[in-house]
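S.K.: Each chain, written out:
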Amino acid sequence: MTAQSAIQYDSNTKQLVLRGNWEIGNLSHLQSMLASISLPEKGDISFNGESISKMDSAGAWLILQLQNKLAQKGIQVKEIHFSEQASKLIAIVNEKLEEKTESLEIKKPNMFAIVGYNSITQLNELLSFLAFIGKLTSEAMRLILYPSHWRWGSLSSVIYRTGFQGLPIIALLSFLIGVVLTYQMGLQLRNYGANIFIVDLLGLSVLREFAPLITAIMVSGRTGSAYTASIGMMKLNQEIDALDTMGVTPAELLLIPRIMGLFITLPLLTMWSDIFGVFGGMVMSNNMLGISWYDFLHRFPQTVPLRSFIIGIGKAPVFALIIASIGCFQGMQVKNSAESVGQNTTRSVVLAIFFIIVADAIFSVMFSKMKL
Amino acid sequence: MTHDETIIDIKNLTTKMGGTFVHKNLNLSVKRGEVLGVVGGSGTGKTTLMREILDLTEPVSGSIRVFGHEITTATPKVLLEIQRRWGVLFQSNALFSSLTLLENVMFPLKEHTTLNADSMRDLAILKILMAGLPLDAAYKYPAELSGGMQKRGGLARAIVLDPELIFLDEPTAGLDPNTAAGFDELILNLQSTMGLTIVMVTHDLDSLWKVTNRVAFLGNGVVLGVEPMASLIKNPNPLIQEFFGGQRGRAAEQGYRAD
Chain A
1044 MTAQSAIQYD
1054 SNTKQLVLRG
1064 NWEIGNLSHL
1074 QSMLASISLP
1084 EKGDISFNGE
1094 SISKMDSAGA
1104 WLILQLQNKL
1114 AQKGIQVKEI
1124 HFSEQASKLI
1134 AIVNEKLEEK
1144 TESLEIKKPN
1154 MFAIVGYNSI
1164 TQLNELLSFL
1174 AFIGKLTSEA
1184 MRLILYPSHW
1194 RWGSLSSVIY
1204 RTGFQGLPII
1214 ALLSFLIGVV
1224 LTYQMGLQLR
1234 NYGANIFIVD
1244 LLGLSVLREF
1254 APLITAIMVS
1264 GRTGSAYTAS
1274 IGMMKLNQEI
1284 DALDTMGVTP
1294 AELLLIPRIM
1304 GLFITLPLLT
1314 MWSDIFGVFG
1324 GMVMSNNMLG
1334 ISWYDFLHRF
1344 PQTVPLRSFI
1354 IGIGKAPVFA
1364 LIIASIGCFQ
1374 GMQVKNSAES
1384 VGQNTTRSVV
1394 LAIFFIIVAD
1404 AIFSVMFSKM
1414 KL
Chain B
131 MTHDETIIDI
141 KNLTTKMGGT
151 FVHKNLNLSV
161 KRGEVLGVVG
171 GSGTGKTTLM
181 REILDLTEPV
191 SGSIRVFGHE
201 ITTATPKVLL
211 EIQRRWGVLF
221 QSNALFSSLT
231 LLENVMFPLK
241 EHTTLNADSM
251 RDLAILKILM
261 AGLPLDAAYK
271 YPAELSGGMQ
281 KRGGLARAIV
291 LDPELIFLDE
301 PTAGLDPNTA
311 AGFDELILNL
321 QSTMGLTIVM
331 VTHDLDSLWK
341 VTNRVAFLGN
351 GVVLGVEPMA
361 SLIKNPNPLI
371 QEFFGGQRGR
381 AAEQGYRAD
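If you're matching them up, the sequences are chains A and B in order. Using our numbering, the letters of the first sequence correspond one by one to residues 1044 to 1415. Using our numbering, the letters of the second sequence correspond one by one to residues 131 to 389.
Okay, chain A solo, but in the shape it has when bound (with noise of 0.2 Å):
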């Protein structure tokens, strides 16, 4: 092979002679092979293209790269014996590289501008985001006036999904949760021999925090992502613009249902939790702090207050709020290509689980300060 392909000089003839495959399979090694050749630093040469048995554009690319390489020290090329095809090939390629005057150069911009940029980029997101939260609003009172446009279909299959669907994990996942934290916190209580006040703990913990965080931050993972991925699709479909185009908006049909199925799935899954949480920790007293179903049943409402249960319910619908309108707003920003749809769903599940926590713990001060 090397005996074919080889690139040889001869410096009676000033003659570079030029062999075998000119292919791209093999322009990695004519390459180096070129590298190891010295060629003359004055007069001219000729290229002998005689025994070339198959040439590509690549190969025909590389041998102008020489000559003009060579054009560069004043070395002029002449090109000898070369098939008709070939001649034919190194012109046009040669036409092509011309066109390509400069080479372009995309210039990196410095730290200072990628700051700036950032910090611009998130603004606008944060000023779209209320434009949005605004849009939706007035979108949301123009159709109150109008109950023939509510979409009772699109509204009912979102709760479905949203709800039904979403109930044997919730429960699965808020029954594991009661088992853990009972476990956790007997092993405690037994020590002191105050077993019984498990079910202190474990009402107040599972009703107010537990149960709407667990199932909001499940629902996030399921359902925001679903609503940005879903919409998001759509948009580079362009199922928006058509909805558009036909005057029906995309809030009406689209948003507006997903956010209000939200809105009443939301609440009814975080009481869905409460039982199993309960129910969980119920299991698990009986088994390990022989705490009878009687006993525990019996303490419950007489320790547990009704504003726990209310206080955790009434945070559901403000979660609802902020996963769903985050999931439809990240699908909305889904842009031109599948790369933006995941990122958006990243962001969208991120940015909800966030709020959600923020809302949580602004939830928290403001109740200890009401002495709730």
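Fair warning: there could be bad hints in the mix.
Derived DSSO-like pairs: lysine-lysine, alpha-carbon spacing no greater than 30 Å straight-line [said to hold, decoys possible]:
{"id": "1", "chain 1": "A", "residue 1": "K1085", "chain 2": "A", "residue 2": "K1112"}
{"id": "2", "chain 1": "B", "residue 1": "K240", "chain 2": "A", "residue 2": "K1112"}
{"id": "3", "chain 1": "B", "residue 1": "K240", "chain 2": "A", "residue 2": "K1378"}
{"id": "4", "chain 1": "A", "residue 1": "K1131", "chain 2": "B", "residue 2": "K240"}
For the record, the hints were derived by calculation from the structure and aren't laboratory data.
Chain A is already provided as a structure; the job is to place chain B on it using the hints.
M.R.: Here is chain B on its own, set in the frame of chain A:
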């Protein structure tokens, strides 16, 4: 340019999709250096045929030989050899949306050659220019390019490894007549300079007249005729007559004859 060497050879191909036969004992061969058009009404399995040659869809039975290798039973190693020798332009371009055009075109080079980065970039830019795109398009993302430019970009990626065989799926669909004519020119130009063999699925009658050497007409699950356009339209088969006999068919024919 046309040699007698057969580059694709399809024998007794049978394909079933969703319970119905798409191809029934279909035979077709493509010779080196020719431009073969594949036409037929909707649902006659043109794209399916192309997908089967590309080993994207599995036929029920039959043999497909590309470059002398049986595609349906090829080992991954043989398949890779073949894949390096062909280029494909999909109907929707299939440019990777997360990469710039330049990165898209460089992608096959990165995967299949050991060139250094500068050479790869220069070769990719060469192919972008050969596909008739301006240089500044190279640094744009596919979504920022117009439909016609995306097609050209897809073609640049298909020819970057200097393949011997190119598949074009509806290359001029969705382009305006001017751009479509330009694209036809481009295909012809590349074909003559690079000595390509081209298999082209198309509905565009103008392309068929202008670019192809032979046209295979698919219908009833078989190839009803493989002939140059001028003789294909005289084929008495009623399906072929119906296809080319319409007003648009005649208009395209007259336009071509007038040239």
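S.K.: A separate judgement is required for each hint: does it hold in the structure or not?
M.R.: Hint by hint, here is what the structure shows:
no.	hint	result
1	A:K1085 x A:K1112	holds (13 Å)
2	B:K240 x A:K1112	holds (25 Å)
3	B:K240 x A:K1378	holds (28 Å)
4	A:K1131 x B:K240	holds (27 Å)
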